[in-house]
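Participant: So you can see what is in the structure, the chains are spelled out below.
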Amino acid sequence: MMISVGKKLGFLLNIFLIIFISIFSGCTEEKNNTGDDFSFTTLEGEMKRLSDFYGKVVVLDCMAVNCQPCMYQLFELKKISQNYSSTEVAIISIDVWVSNGENASMLQQLINDFKNQVNLTLDWTFGVDDEEGSIESRYATQGVPSLYIYDKNGNIYYSHVGYEDYTVLASKIDEALREK
Amino acid sequence: MISVLGLIGATAISAVGTGLPIGTISVTPLAPAALSTVTISVPISGEVPSEVRVNVQECNGNTGICYPDIQNVSMPLTSSNIYRTDVTLKHSDATYITVKVVTKISGAWQQSSEKKVNLSGTPDGNNGDDKGTPGFELIVFLIAIGVSLIVITRKRVK
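Heads up: the sequence lines are chains A and B, in that order. Counting from 1, one number per residue, gives the positions in the first sequence under this note's numbering. Counting from 181, one number per residue, gives the positions in the second sequence under this note's numbering.
Source of the hints: derived by calculation from the structure; they are not laboratory data. Any given hint could be a false lead.
Said to hold, decoys possible - Once the Cα atoms are required to be at most 30 Å apart in a straight line, the calculated BS3-like pairs of lysine-lysine come out as:
1. A/LYS172 / A/LYS152
2. A/LYS79 / B/LYS296
3. B/LYS296 / B/LYS284
4. B/LYS295 / A/LYS115
5. A/LYS78 / A/LYS115
6. A/LYS48 / A/LYS172
7. A/LYS48 / A/LYS78
8. A/LYS115 / B/LYS296
9. A/LYS79 / A/LYS172
10. B/LYS295 / A/LYS78
11. B/LYS296 / B/LYS270
12. A/LYS79 / A/LYS180
13. B/LYS335 / A/LYS78
14. A/LYS78 / A/LYS152
15. B/LYS270 / B/LYS295
Next comes chain A alone, as it looks inside the complex (with noise of 0.2 Å):
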């Protein structure tokens, strides 16, 4: 009797510890599935939401213009923009790196660059984040550029951290658009 109550215990006491040290001890996956909204200027000064791209399924892009793997990253972005729909994806490039003296004036020369030096127009939302850098403190700490793609509901599906080629983030945006 003793033992079955002591083995009752024990198995309790195992389980407990495990769920514990699991959940506080880091073990738990890095995605953030819990998709959140954020607000951002577009370069036309116009105050966007996140949740303003609900239905579709948005590639955000936390970017800046002195980073070399974010122009490299912005001829990725267009590809998307080329083989997908507007109805169906958005993709938004957030320059992050305010803090950092980056302005709406040096993204737009940015997108002037793409366009009169490659030829290359640069189709989607574009915009800065805040004086305080909230979009950067939340979704590029680890630097840029920094992706996510979320779904139809705004839930994060994936991210990445770094440049990341066409083919990975289309073959996300696809399951990202089967996702009920």
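For chain A, the structure is supplied; the task is to place chain B on it using the hints.
Facilitator: This is chain B only, laid out in the frame that chain A set:
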């Protein structure tokens, strides 16, 4: 700003650095290691600037990421027209740095073109962040299982 043309291997047309008093940026050693200290110097001709600063950005070309903590360091005048400073790199997994000098001359800020310097490797062989692979957490987890097994065993003996 990074030249878009430069990215695709074409001749870059730099909007900055031409006709400006900022000379060629020198970085020593030529191929520094990650986490090491580099010496950056630049000649500036003409009017004496009221302020000279250098921005050092660290990036990892393998993962395609640039780190957000750009160092912005003042460059004091060390000889006739040479401004110099030492900067200690912060990221063990950085593979290159970009260096840009900004000066304030007659109240206006001017900037040099950007210089890219490849890093030779890490001095301690550490490849940096492990992208979330559990290390410490796994050890704690295993210890927890071990402790709980000991507790169960002792209860059984009683």
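Participant: Run every hint past the structure and note whether it holds.
Facilitator: Against the structure, the hints come out as follows:
1. A/LYS172 / A/LYS152: holds (13 Å)
2. A/LYS79 / B/LYS296: OK: A/LYS79 and B/LYS296 at ~27 Å, within 30 Å.
3. B/LYS296 / B/LYS284: holds (22 Å)
4. B/LYS295 / A/LYS115: Since the Cα atoms of B/LYS295 and A/LYS115 sit roughly 24 Å apart, the hinted pair holds (cutoff 30 Å).
5. A/LYS78 / A/LYS115: With Cα atoms ~12 Å apart, A/LYS78 and A/LYS115 stay inside 30 Å; holds.
6. A/LYS48 / A/LYS172: holds (24 Å)
7. A/LYS48 / A/LYS78: holds (21 Å)
8. A/LYS115 / B/LYS296: holds (24 Å)
9. A/LYS79 / A/LYS172: holds (14 Å)
10. B/LYS295 / A/LYS78: holds (27 Å)
11. B/LYS296 / B/LYS270: holds (17 Å)
12. A/LYS79 / A/LYS180: Distance ~25 Å between A/LYS79 and A/LYS180 Cα, so the pair holds.
13. B/LYS335 / A/LYS78: Distance of about 64 Å is beyond 30 Å: violated.
14. A/LYS78 / A/LYS152: holds (21 Å)
15. B/LYS270 / B/LYS295: Holds - the C-alpha atoms of B/LYS295 and B/LYS270 are around 18 Å apart, at most 30 Å.
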